[in-house]
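*Asks:* Chain by chain, the residues:
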Amino acid sequence: CQKKLTQTPLLKIWVPWMGCNLNRRRGSSVPQFCNSPTMIVMVGLPARGKTYISKKLTRYLNWIGVPTKMFNVGQYRREAVKIYKNFEFFKTDNEEAMRIRKACASAALKDVSAYFSKEQGQVAVFDATNTTRERRAVINSFAKEKGYKVFFVESICDDPEIIAENIKQVKFGSPDYVDRDIDDAMEDFVQRIECYKANYKSIDDEKDRKLSYIKIFDVGSRYLVNRVQDHIQSRIVYYLMNIHVTPRSIYLSRHGESELNLLGRIGGDSGLSPRGQKYANALATFIKGQKISDLKVWTSHMKRTIQTAEALGVPYEQWKALNEIDAGVCEELTYEEIQENLPEEFALRDQDKYRYRYPKGESYEDLVHRLEPVIMELERQENVLVVCHQAVMRCLLAYFLDKPADELPYLRCPLHTVLKLTPIAYGCKVEPFFLNIEAVNTHRERPGVSFHKHTSVIIDTYLCQLSALESNTVSRCVRPWIKLTPEYTFNILPITP
Amino acid sequence: MPRELTQNRIQKIWIPTKDDKPAPRRATGAPHFVNPPTVIVMVGLPARGKTYMSKKLTRYLNWIGMPTKVFNVGEYRREAVKNYSSYDFFKPDNECAVKIRQQCALAALRDVKSYLKDEGGQVAVFDATNTTRERREMILKFGAENSFKIFFIESVCDDPSVIASNIMEVKVSCPDYKDCNKTDAMLDFQRRIECYKTSYQPLDPDQHDRDLSFIKVIDVGRRYLVNRIQDHIQSKIVYYLMNIHVQPRTIYLCRHGESSDNLEGRLGGDAGLSARGKQFSAALARFVEEQQLEDLKVWTSQLCRSIQTAEHLGVPYEQWKALNEIDAGVCEEMTYDEVKEKFPDEFALRDEDKFYYRYPAGESYQDLVQRVEPVIMELERQENVLVVCHQAVMRCLLAYFLDKSADEMPYLKCPLHTVLKLTPVAYGCKVESISLNVEAVNTHRERPEEVKRGPGTLIRRNSVTPLTSPESNIKKPRIDDLDEPPIQEVPPSVASLALCSPSHLPLALAGQTNHPPISESDFTLSLSKNLRRSSSGRHDVLQLCQ
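Just so you know, the protein sequences line up as chains D and S, in that order.
For the first sequence, the working numbering assigns the number 1 to the initial residue and increments by one for each residue that follows.
For the second sequence, the working numbering assigns the number 1 to the initial residue and increments by one for each residue that follows.
Simulated from the structure, these hints should not be mistaken for laboratory data.
Hints are not guaranteed to be accurate.
[Stated by the list, open to error] Quick list of in silico lysine to any residue cross-link-like pairs, SDA-like style, CA-CA up to 25 Å:
no.	chain 1	residue 1	chain 2	residue 2
1	D	K149	S	E4
2	S	K182	S	C157
3	S	K342	S	N8
4	D	K278	S	C157
5	D	K420	D	E317
6	D	K210	S	P248
[What the hints assert, rightly or not] Across the chosen pairs, the derived CB separations fall in these ranges:
no.	chain 1	residue 1	chain 2	residue 2	range
7	D	K91	S	Y196	45 to 55 Å
8	S	D295	D	S117	25 to 35 Å
9	D	E194	S	H208	50 to 60 Å
10	D	R446	S	E449	49 to 59 Å
11	D	Q339	S	T6	50 to 60 Å
12	S	E119	D	Q339	32 to 42 Å
13	D	P16	S	E289	13 to 23 Å
14	S	Q201	D	E165	27 to 37 Å
We put the CB at the ideal spot given by N, CA and C, even for glycine.
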């Protein structure tokens, strides 16, 4: 009874022609390890970086293709009690407030279960203090009843400097303290922490030995990991052990314009055009001007990125994982040629550019899996310049700016432009630098829409400026490079529950 | 002035032409992360699985391309004192013995130093109990003097049943107890542990050792304490240790059934199964059923032939793109003859160095290792798994389990229509090769007789531990001032080496025709007995399953 296999046109996945549950062959690059939904439950006093970890983890999991959402109980509380007066709200003997806070937690749990059952969520990050054993027991029994796995992430930190820094960085921006002066807010927040301290029970290594958890001590100087249950928890632990909060910047750039860029051909392994070579030199000047300590430079294995890095005159390292998307049979063709010779393929790609796989080549989704070790290493490192390619840079950028799969393949990463990414608070500051060397435009607009409606306004603003510069061939700037915008801040996750 | 770039012909890596140093950025798929060499120092009482972890970690690091070697101080001690009489030797008040043990540790450290400084090693695993602060201070000082990074791995376990099974599995068969019955050996070993217990000072994360980099593995992986990870390699080690487990399980490796491209002798492609390939799939389904496995996971690549094979099994399966066959680039779907004709240079280059050779616009075996690394990590996590994959991919996976060097990997025999059953035993892995008795073409190309080595032959992955290394590479313990001269001759480990060269692997003998579908385990057993007879019972690859 030989079943015929058919290759799906978009994903290029072989599936049995008839029947059969397609879910189990979702043919993504990595098996799905059909796990039950997982709740990640944060534990810790206020200002211990719980929200930071939650957001970062949520962003990472979404990027690797695990649908994840964060549920911040504080938001529910702010929703319920519009005006925050002071720390008295958090006193343990404030019964009315206690009721409200309990109701908020229940509401959040309800939303977690709706997220799993109605929105195909796989991981929910439950961001609250969860400092008492009772609260954790409630969450545990809720999860048990629903058949969810629970993984606790406790952040423990007693270093007053780190806590003060944390309060300054994120809490002053909180809606609770909009119209308060800084000292006043600081004072109130410290009181608030004290309210929690009274009842704080850390996860107990003996009593809670059956739970799955990770304890993070002093922002990652030590970790205690207990009973990791499955693939996803193991990934989470690995990720948490690699992130750090040391200030640094990541510079993303494509190679200089290549010979094939000039011809409008995709892929290939050509060298730089004369303008591309000029860019490489300009990049060297730019990098010198930034005066970066211990800069690491990474390239792909392709000639154009290596030529670009060579001009810098510093050591660099090559990653095959940074190679441009493999366009398979379309390598070295122009878009017009593809449209003409493979009209169906051309149309399919427009239909779902993220998942579309080139015949005998790769999709953006494949690329994300290939780039995962690069992201992990970027998280570990400090200052890094990555000289890469259009599709690769889009994937990396999407990670840092938390862009969903449908926007990722349309992110603008023009030639001869450096993006400087600096982590701040919960997000990432992006500064684009056009190095004032002309280059061809390699961006293909999403068909039918000039700008995607979900694209954030700020990005559009700077990209409009970029495209203006790109088309306005001769730039009249006298400076060696133009910093396009004042420092724009992109918050990575909109803080809406 | 920009330097001209030239593409290195074997690896297809772009390098500056006028660079004096040969290929300064030895391109592995991922950056090399120029780190100072690392010494991994095991800590823990006897029978806590230190040697198990050391060997496994070493095998993994070598496989991912990080030259690593184990230095087992016990081996040095056995070398120095040929006849082990009893646990008295390990009593803290046995002054003469304490001196010998100290000398052994120093000798091992000297060898660590020359391995990391002169022999291209990057990681040395210092496998000893290292249970006292004094000993660890000495090692830290040694690290600081030579600018080696030190990373401690402490195994803590108080579960008596785990310890007892560990003693039974590996200790009673250790050379120390070769003329001893099991009960006596067990008893003596337990006393030996007691000797260490009195002076054992575990790593103290709160005070004394708070600034050290270490991982404590508690109760065989139920819990981990990780302190001050310093770099990429330490982070990798921690991730690996957190994913391995010791549950008994079996991994089955096989290729897809014979494809129509196989019949025509074409490389790569995405063809479907031939008639015989379908027969194999059906036979595989019966075989899997007979094995009666609990919770068997089935993994395939995303290529038609492996999926067609798995479809016959009638069980859920998962597709990994990472398991796709090596990308032969411009040579895809050509026969070897066509490649030879169209790209004679490429053809010759591949023979010159098959591991590093990258097809134009395609991949090398080295690239493949990088690509299948997540598969290995997940295989370590899982229990029973059947992997339906491809020739080159299967060679990479097999090389990991059998600790084969980069040089041997591309020539491992993985014939069509044959299942390899891998069962972890003691420090190694038992392999049974099972031919399912469906004929198929032979796709194996032997290593050419006359291999022309290019002038700049690349540094090989060093995949040896002291016991399995060729004689010339063995660093003999250099204990000059011992009263007691060695009594016995060292059994030549060359004998055991010869036994496990690829052509002697049981898989090579697995017939492809006219055999009933039986397990070849008899063969494996006899081979293992041979290994034992040559007193190399601790060989990594083929262990007798007791």
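*Asks:* Are the Cα positions of K342/S and N8/S separated by 25 Å at most?
*Replies:* holds (20 Å)
*Asks:* Does the Cβ pair R446/D, E449/S satisfy 49 to 59 Å?
*Replies:* holds (58 Å)
*Asks:* For K278/D and C157/S, compute the direct alpha-carbon distance and say whether it is at most 25 Å.
*Replies:* violated (62 Å)
*Asks:* May I ask you to test the hint 50 to 60 Å on the CB atoms belonging to E194/D and H208/S?
*Replies:* violated (32 Å)
*Asks:* Assess, step by step, whether the Cα of K210/D is no farther than 25 Å from the Cα of P248/S, and give holds or violated.
*Replies:* Holds, at about 22 Å.
*Asks:* Can the suggested window of 50 to 60 Å be confirmed for the beta-carbon pair Q339/D and T6/S?
*Replies:* Because 36 Å falls outside the window, the suggested range is violated.
*Asks:* For a C-alpha distance cap of 25 Å, please report whether K182/S and C157/S respect it.
*Replies:* holds (23 Å)
*Asks:* Please test the hint of 32 to 42 Å on the beta carbon pair from E119/S and Q339/D.
*Replies:* violated (57 Å)
*Asks:* Falls inside 45 to 55 Å, the C-beta gap from K91/D to Y196/S?
*Replies:* holds (53 Å)
*Asks:* Is 25 to 35 Å respected by the C-beta to C-beta distance linking D295/S and S117/D?
*Replies:* holds (26 Å)
*Asks:* Quick check on a hinted range of 27 to 37 Å for Q201/S and E165/D, using CB atoms only.
*Replies:* Once the Cβ atoms are compared, 36 Å apart, the range 27 to 37 Å for E165/D and Q201/S holds.
*Asks:* Within 25 Å, alpha carbon to alpha carbon, are K420/D and E317/D?
*Replies:* Within the cut-off at roughly 19 Å; holds.
When each numbered hint is compared with the structure, violations occur for hints 1, 4, 9, 11 and 12.
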